[in-house]
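Engineer: Residue strings, one per chain:
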Amino acid sequence: MADYKWPAEGNRALIGKRISRLDGPWKSSGTAKYAYDTNRPGLLYGRMVTSPHAHAKIVAIDTSVAEKMPGVKAVDIIHPVGQEVLWMGKEVVAVAAETDDQARDAMRKVKIDYEVLPYLVVDTTPDKATGYTQQLNEQTQLDPDAGFKEADAIHEGEYGVAAITHCCLESHGSAAEWEGDKLTVWASTQSVTGLTQEYSTALTAKGIPTTPANVRILTPVMGGGFGSKFAADTWGISAAVLAKKAGRPVKMMLDRDQELMVAGMRPSLYAKVKVGAKSDGTLTAWQSESWGTSGPAGGANANLPYILQTQLPYRRKHTAVHTNIGPARAWRAPNHPQFCLVTMGAMEDLAAKLNMDPVQFLLKNMKYAGERNKGFGTKDYEQELAKASELMDWKTKWHPRGDKTPGPIKRGVGVAIHTWGGAANTSSGNCTIHPDGSVEFSMATQDLGVGTRTSVGIVCAETLGLPLESVKVNIGDSNLPPAGGSGGSTTIGGVSSATRIASTNALNKLLAVCAGSLGVSADQLEATGGKIQVIGNPAKSLTWKQACGKLGATSISETAQTPAPNTPERSLVSGNVAGVQMAEVSVDVETGVVRMEKFVAVQDCGLIIDLKTAESQVYGAMIMGVCYALYEEKIMDQQTGVMLNADMEFYKLAGINDIGELVVHMMTGPGYDDRGVIGLGEPPTVSPGAAISNAVANAIGVRVPTIPLTPDKVLAALGKGVMA
Amino acid sequence: MADRPSKEIPEDELKKDAKAGEKERNALGRREFVKMVSTTGVAVTAATVLAGEQMMKAAPVEQEAPDAATSKLVGPGPVRMTLNINGKPTKLTAEPRVTLLDALRDHLDLTGAKKVCDRGTCGACTVIINGMAMYSCSVLAIDVAERPGAAGAKIQTIESLAPEGQLHPVSSAFVNNDAQQCGFCTPGFVMASKAYIDKHPHPTREEVKASLGGNICRCGTYMGVRQAVVEAATHMTAKGGNA
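Residue numbers (this note's numbering), protein chains in the order written: chain A, 1 to 724; chain B, 725 to 967.
Accuracy of the hints is not assured; some may be wrong.
[What the hints assert, rightly or not] Below, computed lysine to aspartate or glutamate pairings styled on EDC-like, alpha-carbon distance capped at 16 Å: (1) B:812 <-> B:870; (2) A:364 <-> A:382; (3) A:598 <-> B:930; (4) A:274 <-> A:156; (5) A:33 <-> B:833; (6) A:245 <-> A:181.
FYI, nobody ran anything at the bench for these hints, they're computed from the structure.
Using the sequences provided together with the hints, build the complete structure.
Structural biologist: Have a look at this one:
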């Protein structure tokens with residue numbers, strides 16, 4: 001009988017190879033249908049009237065004129081009179097009309113009166129935010145004061161990461177259609193299964209009794225989420241309400257400005273840091289006073305210092321600043337990029353003070369990385385720092401603070417390290433083997449563009465000894481076996497293990513059917529190369545088709561779930577990865593413009609299912625990192641309460657020529673593969689801000705305290721500018 | 725920013741046309757008619773906007789809508805127009821304010837071109853018009869439709885690249901090099917790349933970097949795109965000409 005264990009390196013036909021994604025041809029030929037592409041007979045277009053104020057109470061709503069506008073079929077009041085809106089762009093009323101333009105015309109005729117209330121939208125220090133702050137408890141470990149006394153060098157500095165948005169290219173939204181009391185939603189979501197319950201609860205509360213079983217979510221492909229698309233959201237529920245009222249399907253996708261204003265914000269973090277070390281670089285103590293905004297609510301203690309924390313004496317205090325900047329949503333590796341920038345920036349500055357190479361400085365302090373640096377029999381950071389140094393040619397390129405070569409272009413290199421937990425979500429999948437030899441694997445899971453569909457196919461095909469094309473993968477439909485949401489890099493663990501187990505169970509049933517005709521017991525059989533054969537003996541075999549022909553009229557259908565923690569099968573997956581990134585930049589000290597030259601990422605993530613899409617994930621994370629390190633910021637205006645750059649002209653993202661040359665190295669083989677499958681979406685997004693900021697400091701000789709590293713800030717740090 | 729087709733019609737020509745148009749559309753009241761907005765460069769004033777709203781209420785049903793191919797002055801109500809899309813004359817009825825992108829996506833179910841920024845910044849809506857890569861969100865459908873005395877522009881969308889399900893070499897190179905993740909920017913990138921290769925059949929990787937800055941990807945697929953364009957160009961050139 002086949003067992004669940006992942007096949008050993010020499011026995012893998014597909015796993016770990018570079019395989020093109022299954023939905024690639026649909027996407028690159030324009031035939032893939034996203035929620036935004038939904039066209040149904042009688043489709044209406046939904047648009048929302050949103051608050052022009054950062055904080056206000058809704059006093060009156062008059063939709064009477066809008067309702068009579070040409071083409072208007074339904075109006076939904078999302079937030080009734082008396083409720084408060086806590087940010088600009090908050091949705092208040094939705095309309096559905098025959099055309100998108102008619103919906104916009106009607107939207108302009110909705111009259112809403114507000115009582116404007118005080119607000120704070122700028123990301124400011126707690127002392128300038130009186131009345132908007134929440135002081136969290138000071139936390140200490142060991143004796144930081146004694147630690148600072150031991151230090152030969154102490155560095156004090158300020159570091160920060162501005163609030164940014166998600167800017168998914170497919171904006172948030174959905175199309176909703178009713179057939180009696182059954183609702184179908186084409187949704188751009190990270191949580192296909194989870195939405196059924198959410199729709200049912202929210203619609204029932206709105207007076208449209210609905211059960212989860214009567215809600216079907218369809219997401220065959222989706223245009224980016226990055227942590228911002230777990231919920232149905234008010235606009236999703238409203239589209240379903242409008243569709244019910246109009247008796248016709250309604251599509252409601254956010255406009256780009258709404259997308260940037262309300263549909264996702266990564267919290268800011270700023271910190272005053274004091275850090276001490278002995279003359280050999282050994283850290284002795286850390287102290288930080290941090291603050292930042294997560295929007296109108298929330299804000300947890302900042303877990304500083306990042307990674308180098310085990311047994312290091314520290315004292316830390318955090319203040320949450322509650323602002324009307326918009327609601328925070330999870331953004332790839334929540335909080336880690338901010339913690340990493342603050343920590344790795346301060347460490348690099350301290351290393352510079354000691355005139356130490358920051359790589360040597362990090363190596364000196366690996367004991368503070370605790371268990372993480374032991375890895376699974378490997379010394380992750382030490383191995384990865386060595387590999388990254390080699391790929392960057394670090395020893396040649398690193399120089400003490402400030403590039404002394406003549407001319408305005410200064411070059412520098414920077415390093416940062418990161419970690420992430422991962423683990424597995426809980427997903428179920430069904431493997432069906434038909435008598436004609438065809439195979440289907442079905443699971444509700446969404447594919448955010450990371451290659452989930454392809455990974456499911458690879459694991460099923462590998463398990464059955466078939467080529468990838470032989471497996472039909474069905475995903476993105478809540479009517480299929482339930483799957484977990486895609487967050488925290490948990491998808492690949494959840495889906496790959498469930499796929500492996502369901503496929504193995506199905507195979508074992510097939511082996512049992514074939515055993516008689518091959519004259520051995522089922523445990524003497526294996527599936528490989530499109531055959532069912534006696535282990536190691538291709539001469540005694542049946543082709544896959546012959547084998548399936550023995551099923552008679554009945555298909556094999558096996559459903560399995562991600563193994564629970566603490567079961568033997570759970571070893572198919574695990575968590576906790578390390579990663580190292582090194583950036584090389586050039587900075588024009590006359591203009592303040594930073595250019596990426598080279599960027600190296602060394603990353604582990606356990607057993608890799610598809611090396612091609614795994615590398616793409618890392619490239620993508622590095623590029624998103626370049627975006628937030630150099631360009632991205634949600635810029636707010638306190639005078640008016642509005643976001644000033646709610647478009648893609650001024651909310652800047654990197655283009656194809658802004659990223660330099662990227663090098664990705666995945667750690668694989670013994671010590672890595674045997675950890676099982678671990679997610680990859682988050683970890684490589686953590687280090688870029690810190691690595692790039694450190695490279696700029698190395699180039700120009702001074703720290704630019706906050707990211708993005710825009711030209712004005714670079715010039716200010718050089719004492720050349722007037723703007724901070 | 726992609727170029728936008730512009731048509732300038734002399735003012736006296738416009739006046740002449742206004743008279744002709746008046747006769748053509750005698751179903752409309754004179755007051756509404758003279759206040760109507762033309763799409764050919766007449767400034768939009770508050771009065772014309774107001775008139776526009778009145779016109780929409782009285783919007784002619786599809787068969788009665790004026791035809792853009794024969795009337796110089798049209799709008800603001802729905803207009804019958806013929807677009808030359810992927811080599812085929814394609815009819816639709818839409819208001820003159822409808823962009824080519826919305827016409828393709830909402831009226832013709834050609835959803836390959838994506839709506840992302842809707843402001844001529846990101847390139848997700850790129851189509852090829854008369855051989856040039858253009859942002860279809862920044863082109864009005866009527867401006868590329870058949871007009872009196874002028875054939876419609878040749879509009880090529882991504883749907884034309886794989887007519888028999890056979891992947892175009894550019895699309896295929898995007899797959900091979902994994903130049904796509906969520907894929908929402910991909911059709912625009914493919915069309916921009918195709919238009920680029922058609923004019924620059926032997927690009928280097930450096931040239932590709934300098935030439936495809938008009939398309940933005942959020943997932944971060946640029947490394948794959950650089951390689952894909954070079955690979956596609958090699959294939960297309962080897963096949964001897966433009967596919």
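Engineer: Work down the list of hints and note, for each, if the structure agrees.
Structural biologist: Hints versus structure:
1. B:812 <-> B:870: This hinted pair holds, its Cα atoms lying about 12 Å apart.
2. A:364 <-> A:382: Holds: residue 364 of chain A and residue 382 of chain A sit about 10 Å apart, inside 16 Å.
3. A:598 <-> B:930: Distance of about 15 Å is within 16 Å: holds.
4. A:274 <-> A:156: Distance of about 4 Å is within 16 Å: holds.
5. A:33 <-> B:833: Holds, because 11 Å separates the two Cα atoms, which is no more than 16 Å.
6. A:245 <-> A:181: 12 Å, holds
When each numbered hint is compared with the structure, no violation occurs for any of them.
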